[in-house]
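*Asks:* Heads up: the protein sequence lines correspond to chains A and E, in order. Note that my numbering has the first sequence beginning at 6, numbered continuously upward. Note that my numbering has the second sequence beginning at 370, numbered continuously upward.
Simulated from the structure, these hints should not be mistaken for lab results. Heads up, some of the hints might be wrong.
To be verified - Below are the DSSO-like pairs computed for lysine-lysine, each with C-alpha atoms no more than 30 Å apart in a straight line:
#1 566/E to 885/E
#2 494/E to 520/E
#3 1299/E to 1342/E
#4 971/E to 566/E
#5 1160/E to 339/A
#6 339/A to 971/E
#7 339/A to 1342/E
#8 1083/E to 339/A
#9 708/E to 885/E
#10 913/E to 574/E
#11 640/E to 913/E
#12 925/E to 566/E
What the hints assert, rightly or not - Residues of chain A placed beyond 10 Å of chain E at every Cβ, according to the derived structure:
#13 52
#14 56
#15 141
#16 151
#17 190
#18 204
#19 237
#20 320
#21 406
As the structure is a prediction and not an experimental result, all values here were calculated from the model. Where is the CB? At the ideal position from N, CA and C, for every residue including glycine.
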Amino acid sequence: MADLALDPRAELNPTLVQGDATYAGVTDAISVITESKPPKQWYYAMAVAIPLAGLLFFCLGYLVINGIGVWGNNSPVGWGWDITNFVWWIGIGHAGTLISAILFLFRQRWRTSINRAAEAMTLFAVACAGIYPLFHTGRPWRAAYWLFPMPNELLGMWQNFRSPLMWDVFAVSTYATVSALFWYVGLVPDLATLRDRAKGLRQQIFGILSLGWRGSARQWKHYELAYLILAGLSTPLVLSVHSIVSFDFATSVIPGWHTTIFPPYFVAGAIFSGFAMVITLMVLARWVYNLQHLITIKHLENMCKVILATGMIVGFAYGTEFFIAWYSANQYEKFAFINRAFGPYAWAYWSMIACNVISPQFFWFKKVRTSIPAMFILAIFINIGMWFERFVIIATSLHRDFLPSSWGYFSPTWVDVGTFAGTMGLFLTLFLLFLRFLPAIAISEVKGVLHNQLVSKKGGH
Amino acid sequence: MNQFVHINPTTTTGRKYWRSLNQLSGTPEFKQWVEREFPEGAADAASAGSRRSLLKLMAASFGLAGLAACRRPVEKILPHAKGVEGLIHGKPLHYATVATVGGAATGLMVETHEGRPTKVEGNEKHPASLGATSAHMQALVLSLYDPDRTKGVRKAGARSSWDEFTAWANGEFSAEKQGDGAGLRILAERSSSPSLKSVREQLAKKFPKAQWVEYDSVNFDNTRLGTQLAFGQPLEAHYAYDKADVVVALDADFLGLDSQSILPVKQFSSKRRVSSHESKINRLYAAESNYTVTGAMADHRLRLRASDVGALAVALAKELNVGGGELKVLSSKPGAAEKFVAAVAKELAAARGRSIVVAGPRQPKEVHALVALINQALGNTGETVTYTAPVVGADDSIAAVKQLVADLNTGQVKTLAVLGGNPVYTLPGDLNFAGAMKKAASTVVLAAEENETWAAAQWQLPEAHPFEAWGDARALDGTASIQQPLVAPLYYGKPAIEVAAMIAGLEKASAHEIVKSYWSAQWGAAAGKTWNLSLYNGFIEGTKLEAVQPAADIAKVYASIAPALKPAPAGLEVVFYPGHSTYDGRFANNAWMQEAPDPMTKLVWDNAALLSAATADKLGVTTGSIVNVQVGGRGAGVAVMVMPGHADDSISLTLGYGRAACGRVGRGVGHRVEFVRAAAAFHFAQASAKPNGDTYELVTTQEHHTLEEPITGKTRPIVLEATMEQYHHHPDHFEHAVHVPEVVNMFEQFEWTGQQWGMTIDLNACTGCNACLVACQAENNIPVVGKDQVKRGREMHWIRLDRYFTGDQNDPQVVNQPMACVQCENAPCESVCPVAATAHSPEGLNDMAYNRCVGTRYCANNCPYKVRRFNFLNWNKDLAESQKMMFNPDVTVRMRGVMEKCNYCVQRIQEVKIEAKANNRAELKDGDVKSACQQVCPADAIVFGNINDPNSKVARMKKQQRDYILLEELNIKPRTSYLGKLRNPNPELIHG
């Protein structure tokens, strides 16, 4: 990290690590989390997370045994909570890659203490998201492999590469793969640190996982380069994944879906919701593990600023959609948007507006940006609002399309709710396991930032 | 004999096995049961209780168990083992037969696969079918395989047999027991069967004082009693709608359930056919309380209480100067009605001999007589209205059942035989037939299902389905047909004629013998040949009845009926209508019919008390409230549905619901209204109604009923409509109804050469009768999903009938639009399917490869017409064995998790193509392939064929200027196009 450590802008942020931190102190503070028994709060959280994850598997089993009919999906609303949840989870995943890749390339050193957890969050969110495209199909035992371009006995031909759902398969699987690699490569030096502190079986496991890392200058050189390349690879993915997910809707003929604004609008929304989720998790993690000196108010405030910016983009997009619907002079298009705001799903639309457009405005105030309870509550609102955004796009567009005779309404069933709550359980379980067994903060990177602080102290500033 | 193998538990080793507590205790009941189970000395083989002999017996039982499946064919039809004429395995055979609803026959051509009837078609040669059928006829197949049918003879619930019944019947119906038959009553449905008539004559010879009573809940007596009044003889009126330029329907749903419907619709639609803007069409006026399909087709519709229709008829007669009495009556909305009458009278007077005035069967006989007088005065008699002798009994059946119930109650009836029908359920509540029936010493009930009447009987006999039994029947015009069976009775059923023969003590008691000998006697020497020809044709030549030329003394008759046509008192009335789904309740256990949405209300799996918004306000109810309807002290709770266009102060109730003893499908579906019916006020009555505070969930397949958007109020150009005048002056009306910007194709378009399939649907002809919907269901193995799933929007019909109200909210007009997959050339569903499960055929079909579908539902989302149907659950999970025989083997039965939709009956196309190829024919002829919906349509609204052949009917239809493409601006290029709807309003009524 030599070149990065010399980044002058890093010195402008001298408070990224607070208190009298030393290298050993940082190592200790982070490693000890994985080495000692977790605090009580961790068990409480697990007691919530594991039953919820169990509920997920129960609901999925029930779904596969009985069919999609156990959900609320119907005709005309062929997609309900399933694809809403898919897009929501994928969106949440975006913050991780954005923080680790794009902020890395832009030399935003404040990312160091949150990038590891954010990347983990990405992986787990993508895992949760990935459940839906598979299980929302009527015959998941076929969809599991028929959607991949490999030879199979029944299809006997290529998949339909014109279908945005095919693009989804590639986009999401690529994203999941690159994110996992990126995360793992970043973990390697820290895994070696844990290995060096451990004994017995634990040492052997971390030994294997750390791939023989010894911390030589040569290894650091290769590592830095590999990390940079992966960051470069991930960056376009941040933009592409949600753009492609938005194509599911944008390429269709349904009013409310058929819009060219979707790719940038979806990406902004994804970052918006992703950062809200990072705040939600980080606030909890730093509280549980007393990491206030590593995940500082400065970090959190920066994230609030990103939320404010992306929230404004999202709000602008909502306005643009309405303007274009009017400007298009297309009766069906106009109605789709009027119906959103004033039809049977107006409650969902105005919930979305309240959460996504109004609530981030509070972040104009530094007091709010630096208040942990305030930002936590607002982040939760934004998470809810972004879920409603996807629901509004999917369900309200479908429920009243062209022919009034086929109009309907979507109401979720307990299985819909259970599946969604279940993915939260799965997500939380994975995240808690991650906190327990892996370094939740990038030790080596924090040390890189700390180096500047230590140097500047010696310099007599 | 009947000695059971006794295994003494104390002497055998090992565990003690027992089958029930009764066995364990060795009670006499159990022993009796065992004896019934193993009758006739099966146990004799084992005289001693040794283990060895037990095992021997067991082995033999297992061996013989297989034989239980064997049934000795008696005379029946030829077994397949001997070969069937013309049978090629895997190819269906078609047999001509007839079925009756309400007595009169419809000619059918039934498709059978390996001996299983799978699909009903109309018989093109039969005068009451002309190739089309009603929805009910289509649903007969499902009734045949209904696992809830009566199975085997029962005696007061206990299992019995035909042999036992015959033995009993020989004693019961002997001259010694019955004497002259004074204590014998037979209650049956109206029948037009000449053979049954001959059996009845023989029965009357044996028991001269026995009475044969006929009764139908959906009752047409008044039509014949009216002619009796007018002409002094009961006659059947036949209306030639294809010759009439002006039709006035007075509470007459002649395009729906108030007639045999198929022929009237055929005739009527021929007068609505338009080939260019120069064409002329007829004009239909309807005055009715409920909104019927006839009202929906009408150019002018007057909403009027059913009890005011008589007064309207009088006003019309007066305006036309028929009779010239002194009646001035029009209690509701005099302004509108008087204007209506004046305009109608003017039109009728101008169309002498080319007009029809028709009254519905609910109207009293005096109205029918008056209508006959009007038609005579207008010179229509003999031109557009002809009369023949009736093919069914012309007596007053309600008076007859009243007498029957009185006889039962006074103990005059010793033996009551109910041959078909379900009188306990269908008879008016004030007769209390269930109570009266108990007073007969012995009761015999022949029923097709375990219904309310069957449950109350001593002898419970299974009735054969029309497809299982020999018989005959006449069409309304008299044409007789042989009803030939297509399959041996599945559940040991016998037709009514056989039981009647048993009662009459005939020697030749099988239906086949009775029918054949009856007709052989008619034909004499040519009997053999004529029999075969009649079976082949599906009708018997030369049996059409001669038209009679009655003439009424108008002034005299008018004076005699005038006193009865008193103005109705103001206030609430109830009117009873047959159910489009259930008819009189006989289709209550038919899931296809229950799930077929009512053509007007779109209600499924329920009936409702239909009333207008004003009446709902007055009563303080809304859709879904339960209202307690009271007629003469008897009340019934019915769910309310507010129906736009319904007459004020009138409640329409649908018969055939709320069945207490019924199969699994129909039990408890809807609310029973028969109970509030009274013999004295059978069709409509003064009533009171008040909400009882409860609510009930009604489910419809269509939740939004207008073409207007909510919130914005803008009308969507989905169903395009014009008046004849507009179309005449602006033939391009439909072309310019929607502005379609210049569309650009991003990709090179496929060249559609050779045979290319396409369809047109004439919105001007479609009445929305549901025949296509049920035919499609039968042809394409479409499952039913039940009320709860329809509520969730998961009905599976491939073709749906969209019904929209237009205009005034309280007095709207109705348009119907059949909507199935339109087979877009640039199909939006195809491009989004990741596994290419839906793809185009070179002939322009948007095909579904069910095996390839993984069920993402993306295609359905992206379908602008929402015609794709998804198997959300396994709809075929709980099929009975019998129902598995019902499927069309040419069509895949879809599993859960896959998408399905209309494919223009691709199996029929393939069948014809293979046939053509086998015969070295390169090209198919126009009309070789008919889709199921097209074939069944009585209005001939659907035309299907090769659009690349400029001479094909479909190509010519598409050239009409009325032809338009729905959502053309999306550039998806559908193959199905619509021909715009035209109305022919009377300028006087719209402008003045």
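*Asks:* Would you mind marking each hint as holding or not holding in the structure?
*Replies:* Here is what the structure says about each hint:
1. 566/E to 885/E: 14 Å, holds
2. 494/E to 520/E: 35 Å, violated
3. 1299/E to 1342/E: Holds: residue 1299/E and residue 1342/E sit about 22 Å apart, inside 30 Å.
4. 971/E to 566/E: Distance ~40 Å between residue 971/E and residue 566/E Cα, so the pair is violated.
5. 1160/E to 339/A: 28 Å, holds
6. 339/A to 971/E: Between residue 339/A and residue 971/E the Cα gap is close to 28 Å, so the pair holds against 30 Å.
7. 339/A to 1342/E: 23 Å, holds
8. 1083/E to 339/A: 11 Å, holds
9. 708/E to 885/E: With a Cα-Cα distance of about 57 Å, the restraint between residue 708/E and residue 885/E is violated, given a limit of 30 Å.
10. 913/E to 574/E: Within the cut-off at roughly 28 Å; holds.
11. 640/E to 913/E: Holds: residue 640/E and residue 913/E sit about 25 Å apart, inside 30 Å.
12. 925/E to 566/E: At roughly 35 Å apart (the allowed maximum being 30 Å), residue 566/E and residue 925/E break the hint.
13. 52: 35 Å, holds
14. 56: 28 Å, holds
15. 141: Given that some Cβ of chain E is not farther than 10 Å from that of residue 141/A, nearest at about 7 Å, it is violated.
16. 151: 5 Å, violated
17. 190: 32 Å, holds
18. 204: 50 Å, holds
19. 237: 30 Å, holds
20. 320: 23 Å, holds
21. 406: Label violated. Min Cβ-Cβ 6 Å, cutoff 10 Å.
This entry does not satisfy hints 2, 4, 9, 12, 15, 16, 21, going by the numbered hints stated previously.
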